[in-house]
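So the chains spell out like this:
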Amino acid sequence: MELFARNFKFSSLFLSSSVILSVICTSEVPRPRGVSLSRASLYNPERNFLCFDNSKTIPFVQVNDDYCDCPDGSDEPGTSACPHGIFHCTNAGHKPMNLASSRVNDGVCDCCDGSDEYARNTITCPNICMQLGRHAREEAQRMAELVKAGKHLKAELSQRGMQLKEEKKEKLVVLEKNKEEAERVKQEKQQIKDELEAAENKALEIYRKMEDEEKKRKAEAEAAKNREEATETFVKFDSNQDGFVEISELQTRQTFDKDKNGEVSVEEARYFLNNEDAIDLEKFVTDAWPNIKPYLMMDAGLFKPPVTQEESPSEADDLQGDEADEEEAPQDEEEPDEGEDEPEQPEEAVEEPAPLPYDDETQKLVDRATFARNEFADAERAVRDIEAEINNIQDYLEKDFGPEEEFASLQGECFDYSDHEYIYKLCPFEKTTQLPKSGSMETRLGSWGRWDGPEDNKYESMLYDKGQSCWNGPQRSSKVKVVCGVTNEVTSVTEPNRCEYLFEFVTPAACREIASDVDDLHDEL
Amino acid sequence: MLIKSLLIIVLATLAFSADHGTFKDCARVDFCTNLRTRTPSDDYSVDSGSVSASTDSNTLTATLKSNNGGSDLTLTLSGLQQNTFRVKIAEVDSTRYELQDVLDGEPEGLNFDDVQIGDDSVTVTTASGSNSATVTFSPFNIEFGKDGATEVVFNGDRLTVANNDVTAPFSFGITFPEGLQLYGIHEHCDSLALQNTGPGGTDPYRFKNSDVAFYELNSPMALYGAVPVLYGHGPTATAGVFLHNAAEQWIETTSNNEDGGSQAYFMAEIGTLDVFVLLGPNPIEVVRQYTKLTGTAHLPQLWTLGYHQSRYSYETQDDAKDVVSNFDSNNFQLDALWLDIDYTDAYKYFTWNPSTYSDPVGLQDTLASTNKKLVTIIDPHIKVEAGYSVYDGALANDLFVKNADGSVFEGPCWPGTSSYMDFLNPAAREYYGSMYSYDNFPGSTPTLAGTWNDMNEPSVFDNSLEMTLPADGLHIGNVRHREIHNIYGFLHTMATHQGLLARDNGERRPFVLTRSHFAGSQRYTAFWTGDNQADWTYLHAAVQECLNANILGLVFCGADVGGFFNNPTNELMERWYQAGAWLPFYRAHSNKDTNRREPYLLPEDSQAIIREAIQTRYKHLPVWYTLFYEHTRTGDPIIRPLFYQYPEETDAYHVDGQILVGTDILVRAVYDYSGATDLDVYFPGGENEVWISSTSDDVRAGTGQINVPVARENSPTYYRRGAVIVRKDTVRPNTVEMTDDSHTLYYTVNEDNTAHGTVYLDDGVSFKYRDDSDFKYISIDVDGDNVSFTTIDGNGDYEFVVDKIVRRDIANFPKGGKSGSYKETVITRDANGDLLKNIKIGSTKNLIVKLK
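Quick mapping for you: the protein sequence lines, in order, are chains V and D. Heads up: the first sequence begins at 1 in my numbering, then just goes up one per residue. Heads up: the second sequence begins at 1 in my numbering, then just goes up one per residue.
Check before you lean on any hint, since a few could be wrong.
[What the hints assert, rightly or not] Selected chain D positions facing chain V (in silico; Cβ < 10 Å):
hint, residue
1, Thr356
2, Thr370
3, Arg732
4, Pro733
[Stated by the list, open to error] Here are the simulated EDC-like cross-link-like pairs (lysine to aspartate or glutamate), alpha carbons at most 20 Å apart as the crow flies:
hint, chain 1, residue 1, chain 2, residue 2
5, D, Lys837, V, Asp65
6, V, Lys481, D, Asp319
7, D, Lys728, V, Asp65
8, D, Lys852, D, Asp797
Everything labelled a hint here was simulated from the structure, so no lab data went into it. Glycine included, every Cβ here is placed at the ideal spot set by N, Cα and C.
Bound conformation, chain V alone:
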């Protein structure tokens, strides 16, 4: 019913405007050539002519005399004499037009009524305004029909969009409630957990102390063993038995041929002596031993250092150092071995000492606390899940799907367009992409940014920005021109600027009343 009424109004507009147009045709107001009806009164043949910018007054005979008197060009509305002049064509039957005066008598028919070409006899411009007018009206009609059909679909889309929004809002209310409940449960579970953990802690205190003592004892034993081993090695290396290990003493041992060139250089030896020429036992144990030990182990086939990367020395050094540290620390936790030259096999991973077995009472407390912890973790997860869902819905509700939610149902869908080289994809409110037909690597041309149409209709254009960077260039971005149509379809994709794409997307959601020329004309009249 409503649609019918609109349609009726539309055609009555046509009727009224054509009536008025014919009035213009039949009652031509006398005025100089190139002057619009609205300005006719400013050109009075009875009086001198005052330039529009008030700069000069000239006899009326100088209007349209093909000589430019007024700086603003107002004295030559019908000739090309003034550089910035304006020629008005009435174009009865079609749209009136203002033309730059340089196009008057230039040999090209610009006005559909042919009025801009009157001085040359080499060219005659036929009046084709009726034809063009008819064509324009037909085109307007076609557009109107398209809009009509589109608006029908759009109404459905909006309905669906609003419904979706309502659903989301309702869901949100439910979720908020669920969240409250879940948080309450979480708090409850936390309390239980805290209580049980306190009991557990108390019971475990005694065991912890025992464990700490055990750990300390082991560490001391380990240090002692390490020292013993180092001392043994020191004695072995100190071949001249002067209480110092020197460079020459290391040079006899192939173990220290780091670069494997067959001889142990002074530099290599110095490396193992912590950059000194000779060191005593104390220094050997604390400074040199950590460097030496891995090589001895390696020699014994027990330990493989990571492959050295010459190109990035600093990184490689760090890596090596780290691993060496790791390897050393746990070594003495193992039972001592028999052979003096063979250091023990280091473990791949550090293992905590096995906990001491608890008594039954303690074990019960631990089990109960563990159960409470699990319950609490579940409750916590439930809250997080609900929050995530709420965030999703809030994101959705914050997105601008148009004044009537008409674009909402496009979210979650994708539309393809192929040219001879690529398949483009538009996933509204998400992203735009490009996939070469001959390849499989998809390139992101942009992620949903915002509506960026002109002020009077920002829903004419979408911006998807922050896409993948071009080689040696900016980040890709795309604009999507959104136009009215009866289907949802990408109709073209171009790259007007490097790395800036332009999609044209047809959708009923974009159908809206056109501020038509007919309306304009009506207003003007």
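Starting from the structure of chain V, add chain D where the hints point.
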């Protein structure tokens, strides 16, 4: 990490400078290295018994004996018209290649009017003794004199002539004793005044036509074209030499040497030592002497002087149409839209891309409906693809360049594997030219009114070949490519010119734009400065290069407005449009990966400034067209450096950012830096030469350099006092639509109350001006209140309509570095009160209009 960032630095540097790995310097070229380091020594002397010369001929011959056991040479010295001599030196039994196509016909001889053979020298003279050539026997050299003064010396101690299986290098020296400063030897991206080169310093200037991406400023590197003409210019005399040879050359130059003269050392790889000696004795005469040898440009069609819009590429016909309609709707003038390689089907020239240019005729019709033209690119490489008719035909008729072993050369270019037309072969030129016919190029119409010949150095995408054909490649008659390399582009445009002429039954003047060129290319083509960059420095380079080209006959010169590579700022765009309006060829062009920059896309304020710049161009169309006509008569440049017009002003020798358009308009291009509010401008001509600003009320005397204010709206532009400037002040959307418009005269009278100008009128399209005298060439002479219009030449029925005279009388004379001022009077009626525009000028041979 370090390695990575190093790599990035290397890449970034590569992106903005030429590839010196590919393009060699002298040290990497054997013959250049050898000759450059040779110590001058007198290796030859004239066998006095062999000298033969007489007054009933124009030719002297003599044998040059080698002093160190080399082979004997024959010296041929000829007298020519126009104060010119020609020197050829070659082995007695020379088989060296001699160029066939470069000269505009066989030069006219001029018999000796005196021959004096002595014991140790011989002197011949021409032109009643005013030109002389003295050959000294031992040590050998030749001195050329004009009116008693020695102007050019051919140095025997620099003469070498060698021959081996592969190359046959030669060298010689030239001294200009009166030439303080050297100019010429285009094409290099360099200052107008040539640099001093020398071992340990700058490399010699090189000629080996090359497709150099990111070519560098102030560099002697070879570029796309070669004009081996060198001028030695000083306040007392100007002379020149032209080495008529198309092989690779290197030229060492020294200006302002200890004797106040200058000298050059020519080194060539192969071919004939054939030198024209031009005795001037001033810049105007020496340029005329040179263009007498290689010819002048014919008149261009009028529309080619308008504004051209190009881009690499307008990818679709819709894009192209959109650009055209935006020019119209935004009130920007446009005469032609240009299509780069992507309009073709897979870079097969003379075809259209079936998906993006499916309706080429529709596109041309759209352009034609608003009087605009289309220009498309056609390159010399031909895609190797059986079934592509251009390829099949050329292969079947044996019209491609060959490898040394006789097989057809194939190399990579835009289409992938390509073969190259052998344009040295007249049959290949004929064949290729015929492809331009409407039948052979389906989808072409007369609206496709011009052709763009690119990549014709020729460019081959192979760094190991210095990006061109192999030097041992073969042309017709087993001519080796190295013997003719530098005329490949010249021959390409010759084929195109001939093809377009045939296509239009000789009724329209062909329009060709080329990248590669040689001495004499002006007869066939306009050229542009290739792939420049969006930088202020390249705006200056555009002016330098076009000024240089203009004194070497190549008058129809332009550069990509805005710069081809990279993105210009809006300010640079404004300044480039302003400067470009004052270069003969006016086209904007840009690379694929730059942002779109058609003027209507810029901010409104920039648009207004660019619109003004383009309109300034169109207002001065009568000036441009008249200058082009005058060039056809004389060979005079269209735009001129200051030294050309004011040869005695040594302070102006290095001024190369200012353009004299003809003799009467002085333009200072604004290329210096961003945000300029004042700039140094050199005003030439002395105290009595007065320059009147065409854009403000500034008036200056020609007393040299002075700082003047600069507005954003225009580059400083001045009219010379005493000149009549003919303009068309109603600017239409294109040149065609301005055809019937009337003219406005601007002048300021000299102290004796006179002013003078000329104007040329014809149909703007055909050769009737040349064949039927269908034109009118009018002298305009102001004397007090009388303006007389006298037909100088031409029988055409063309009316010269003047609707307005703008007289600018000096109110305050400029003094002591201070600006003067003028008062403007606009006259639209004669003394009888009749409107000027109703007076029929041209209907009688002489008409005097009284203004008071």
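Here's how the hints hold up against the structure:
1. Thr356: holds (9 Å)
2. Thr370: holds (6 Å)
3. Arg732: holds (5 Å)
4. Pro733: holds (7 Å)
5. D/Lys837 / V/Asp65: holds (12 Å)
6. V/Lys481 / D/Asp319: holds (17 Å)
7. D/Lys728 / V/Asp65: holds (18 Å)
8. D/Lys852 / D/Asp797: violated (29 Å)
Checked against the numbered hints listed earlier, the structure breaks hint 8 alone; every other hint is satisfied.
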